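Chemist: Take these sequences, add in the hints, and give me the full structure.
In order, the protein sequences belong to chains A and B.
Positions 1 to 517 (this note's numbering) are the ones given, in order, by the first sequence.
Positions 1 to 351 (this note's numbering) are the ones given, in order, by the second sequence.
Take the hints with a grain of salt, since some may be wrong.
What the hints assert, rightly or not - Take a look, some chain A residues computed to stay more than 10 Å from chain B by CB distance:
# : residue
1 : 11
2 : 19
3 : 40
4 : 60
5 : 185
6 : 311
7 : 344
8 : 369
What the hints assert, rightly or not - Now the stretches of chain B that chain A is said to cover, found in silico as 3 or more residues with beta-carbon under 8 Å:
#  : segment
9  : 35 to 43
10 : 61 to 67
The set of hints was computed from the structure by calculation and includes no laboratory data.
Nothing here was measured: the structure is a model prediction, and the numbers come from that model.
Where is the CB? At the ideal position from N, CA and C, for every residue including glycine.
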Amino acid sequence: MDMQATKKKLNLKEKYRAMTRDLDWNPSYQKLEDIYPYASYEGVKIHDWEKWEDPFRLTMDAYWKYQAEKERKLYAIIDAYAQNNGHLNVTDARYLNAIKILLTGVTPLEYMAHRGFAHAGRQFPGAGPRVACLMQSLDEIRHAQTQIHSLSNYNKFYNGFHEFTHMFERVWFLSVSRSFFDDAVSAGPFEFIVSIGFSFEYVLTNLLFVPFVSGAAYNGDMGTMTFGFSAQSDEARHMTLGLEAIKFILEQDPANVPIVQRWIDKWTWRGYRVLTLVAMMMDYMLPKRIMSWKEAWEVYFEENGGALFKDLARYGIRPPKWLDQIAQDKDHISHQAWCTFYNYALAANFHTWIPSEEEMDWLARKYPNSFDKYYRPRLEYWREQAAQGNRFYNKTLPMLCQTCQIPMLFTEPGDPTKICYREADYKGEKYHFCSDGCKEIFENEPEKYIQAWLPVHQVYQGNCFPEGTDPTAEGFDPLAAVLRYYHLESGRDNLDFEGSEDQRNFAAWRGQATTNA
Amino acid sequence: MSFELTIEPLGQCIEVEDEQTILDAALRAGVWLPHACCHGLCATCKITVLEGEVEHGEASSFALMDFERDEGKALACCARLQSDVVIEAEIDAEPDAEIIPVRDFDGSVQHIEALTPSIKGVVIELDEPMHFQAGQYINLEIAGEACSRAFSIANAPADGRRIELNIRRVPGGVGTGWVHERLALGDRVRLSGPYGCFFVRKSLPEPVIFMAGGSGLSSPRAMIFDLLAKHDTRLMTLVYGQRTRAELYYHEEFLALAAAHPNFRYVPTLSDEAVESDWNGLRAYVHEAAQAHFGGDFRGHKAYLCGPPPMIDACITTLMRGRLFENDIYTEKFFSAADAQQVRSPLFKRI
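Modeler: Here it is as structure tokens:
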């Protein structure tokens, strides 16, 4: 009798290979460089795409199944949260302003990441990274959608959540995160995967994700917290992709090392600058704090990042530039940013306020070297002025950094009383920067950054008024016109939290929900 | 109470203590499993339970969904065994790994010699032969102390009856103190083995570099003897370092071996030999000697490293600077409690 030989079962790796790379082919009608036109201009040399090790092995059929189940769970919780008026369970209405920043400043980045990974997933000549990038691209658009749905509940009740896509392209401070991602998606595929896949998703992601998700958990925001959990189960894939990408590029050719080093320097600094918003959110906007920005930086960057850069040293990669400055800045940036937003609360889609006495004591404990000395006196002075009816709103426009687009609010390394200014000349024009880091990034790619859409310049050039505005008309109020252009309703979406409609409504609705009055 | 865990596709079998997670047990046994967050949220360590029962612990319902639990999935970082269990993990099978079940063996001490002032060579004749791969280690029971110590086998497998151990005396160490002071010719001993996945990937054709220092010579010595005994013709280079000439045990043996086998190169080096001594070889650390011998270019090799952790660390850096990366570097990895505390980046999996 013949023995029927049983065919050996494919293991996971072989199965994944069959479902992905095996579907690739060598083109014969077209040249490779015509099919992948962006693969070489960045100078990265790849000799053998087969050396790419798939960082995860998830096939499309399994992907749909997992994500469908995840979304069923997430939407069940979001629905329950909405039906039970979960928004009235948040610690206090000031918390809403933290998630306005999340929706307007971060959610659009998920969508930008989707676009960037779709592009990288088209442009890498290797089938392994192409498939991995396309998977992440799908994750990112899901994250954008689920984040929007998690937050849309708040839009029914509170101000400033409306038209976030419109605002993302126009509002002055949102150009900070927008220009960061514009910079990444307009780079080549290799720089994109180092900037977002590695520097952002691996090195800095915890500093973005943990504050918002833990902040939500600490402040009673179940919807946002659940979104966070559902997304976090994808983040591990994203991190492993970033790590595999950097190892692969560094191992392929020694000439890639200095290129990658420059990208790590650039994108760590760019990402760190964007995180200024998070720093301020953690220290000032969460009624129930998780930890201070300084503590988060120490745990998530200095400790974890330190271990990573120790390992990367084996490739000849050194830690990112300007870490010494960042180490000094960690006592200051959250306070400097909040003071700036307090000043410019006329033109933002969220409210600002003076922290309570108890909150100032917390800040003094967390920042023994800086808060009482430099920032408490300032906040107390403003509080005093506000009590006398002189709540200060700055009506001029600040100078912006050409690279990070943040107003010149940061101070000289070593002197927190002196604003840091740097400038560079290029083709007869003068450009301004907030730091040595931003200046050097500009000087490496001036042709890219001279194209920056700087909100302040655009306002002064008359490009930020609604169509049909006549700036020469009698009594023209430029700020009012700019707010209309932003689709911000002055008196509702902006100004101080104290006396805002959000504050009044939340107090009234919570009163109805918890008393018999 | 402990259970047995079999990890497919390796077929490796390990003991798991109560309250110990699958991930912890695997890492400590030298089996690398993919992992990241280590507390049930990220799902990087998802495995399939083929047989037996596990308890899912604090696994998040998003990272490990109900239907997955029904399908026998588990997160290694949270799962604890409720019975003997067989899992399949996303790790690559090693074509050169033999699956040899660990057993207890009895034998007697046949020979003891002082190889250096601090290292003793002990030869044990087993009652029954033990099959092992050159480079693996055994656990030797320390009589009267109710404990055992791990030692790499320093000889090639051959007929499996002879086990040579080169044992450095650890100051104040219970196990090595017992070997150095109490163990005598003819004593009966008990050991278990073979353990470890440090072996030569013979199916890969590249020339081999062995880097050994301190008492880390045992595994490379076994590997070299095994390869040469099997008439392997690939080029193999041993870079072997000690502090002083007195500590450079087996030096003459390797000189003779190099003279007899044109495909074996021997690069001895001393890091702390007195300047006035008659040593005319290299005076450098192992990584420096390798750097000089290979001109800083290690491409196209496979490297096997064995020695004290600072030596391993320096060698890995030197190899990587010389363009030889993780996939071509092999080292025996022992996880101690201190390693688990250390913040490590997940950049490297095996080294």
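Chemist: In terms of beta carbon proximity below 8 Å, does the segment 35 to 43 of chain B have 3 or more residues touching chain A?
Modeler: That given contact holds, which follows from 5 residues of the segment 35 to 43 of chain B lying within Cβ reach (below 8 Å) of chain A.
Chemist: Residue 40 (chain A): least C-beta distance to chain B exceeds 10 Å?
Modeler: Holds, because the least Cβ-Cβ distance between residue 40 (chain A) and chain B comes to about 21 Å, which exceeds 10 Å.
Chemist: Against chain B, does residue 185 (chain A) keep a CB gap of more than 10 Å to every residue?
Modeler: holds, 26 Å
Chemist: Are all C-beta atoms of chain B more than 10 Å from that of residue 311 (chain A)?
Modeler: Incorrect as stated: the minimum Cβ-Cβ distance to chain B is 4 Å, not above 10 Å.
Chemist: Beyond 10 Å from every chain B Cβ: check whether that's true for residue 11 (chain A).
Modeler: Given a closest Cβ separation of 6 Å, the condition is violated.
Chemist: May I ask you to check that residue 60 (chain A) keeps its beta-carbon over 10 Å from the closest beta-carbon of chain B?
Modeler: holds, 17 Å
Chemist: For residue 369 (chain A), which was marked as not at the interface, is the minimum beta-carbon distance to chain B over 10 Å?
Modeler: At about 25 Å from chain B, residue 369 (chain A) clears the 10 Å cut-off, so the statement holds.
Chemist: Looking at residue 19 (chain A) again, its CB stays over 10 Å from all of chain B?
Modeler: It holds; residue 19 (chain A) is separated from chain B by about 14 Å at its closest Cβ, greater than 10 Å.
Chemist: Over 10 Å from every CB of chain B: does residue 344 (chain A) meet that, or does the non-interface label fail?
Modeler: Since the minimum Cβ distance to chain B is about 37 Å, residue 344 (chain A) lies beyond 10 Å and the statement holds.
Chemist: Count residues of the segment 61 to 67 of chain B with a Cβ under 8 Å from any Cβ of chain A, then say if the count reaches three.
Modeler: With 6 residues closer than 8 Å to chain A, the segment 61 to 67 of chain B meets the three-residue bar; holds.
In terms of the numbered hints stated before, the structure departs from hints 1 and 6, listed from lowest to highest.
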